[in-house]
Amino acid sequence: MTTESLYPFLHAGSADRAELLADVARSTREKVAEIERLRAEVLAAEAEALAGCATAMAERFARGGRLYAFGNGGSSTDALAVASLCLDPGSGRRPLPAVALPGDVATLTALANDVGFDVVFARPLAAAGRPEDIAFGLSTSGGSANVLRGLAAAHERGMLTVGLAGYSGGEMAEAAERGELDHLFVMPSASVHRIQEAQTTVYQVLWELVQSRL
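Counting along the sequence shown from 1, when you hit position 75 you're at 75 in the working numbering, and nothing is skipped either side.
These are calculated hints, taken from the structure and not from any lab test.
Quick caveat: nothing in here was measured; it's all calculated off a predicted structure.
There's no promise every hint is true.
Said to hold, decoys possible - Ranges between beta-carbon positions, derived for each pair: (1) 130 with 32: 40 to 50 angstroms; (2) 26 with 95: 42 to 52 angstroms; (3) 27 with 109: 56 to 66 angstroms; (4) 177 with 112: 24 to 34 angstroms; (5) 93 with 22: 38 to 48 angstroms.
Cβ atoms here follow ideal geometry from the backbone N, Cα and C, with glycine treated the same way.
Start from the sequences, fold in the hints, and give me the full structure.
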């Protein structure tokens, strides 16, 4: 996907300044409306499931569990945000133990170099994961091999597994159908940008609900 296909008005050489600014404003309004619709759709469809997932997560935290968040690219940044929410929740909130696996660069690069990139999340979870812990995997496509292997390793350890995906859920949806993924939330969009924005809302809502249950 090129910048011209995303923002054609930036490549219209004949447009004057007023036309360009009008096109930018229109594009911005359309994108804001699009993410608002997607967020509302996801929250309306998943309200009960989000409540159930938050209850299960709160139960694990109450038993002394730790959350492990992981993903690739933009989803690795979201994994860091999820862990930060848990560790530094703000005044009046309960800090919760959490680790963002993409933040452990030494382990990630060692495994990628010595074994393979597919195991960079599975190996740490297999080594440190406990039944009271939570594995929180993010993937826009739902088909990231290393995220799927991480969730599978966590499932084998008896951990609570939570997945966030986009499009139609991809292989994450297949894992959920097989009973190998405890909770899955799918952002039904073909736009990576809108998927990641909606995922941000989902994990913020989960965090709020977990805090309320604790």
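- [ ] With respect to the beta-carbon atoms only, verify the hint that residue 93 and residue 22 lie 38 to 48 angstroms apart.
- [x] holds (43 angstroms)
TODO: Can you let me know if the beta-carbon spacing of residue 130 and residue 32 is within 40 to 50 angstroms?
DONE: holds (42 angstroms)
Open item on the list: Is 56 to 66 angstroms respected by the C-beta to C-beta distance linking residue 27 and residue 109?
Closed with: violated (38 angstroms)
Task: Pairwise beta carbon distance, residue 177 to residue 112, judged against the given window 24 to 34 angstroms - done: holds (30 angstroms)
Task: Cβ distance range 42 to 52 angstroms for residue 26 and residue 95, holds or violated - done: With a Cβ separation near 43 angstroms, residue 26 and residue 95 satisfy 42 to 52 angstroms, so the hint holds.
Of the hints listed earlier, the one the structure fails to meet is number 3.
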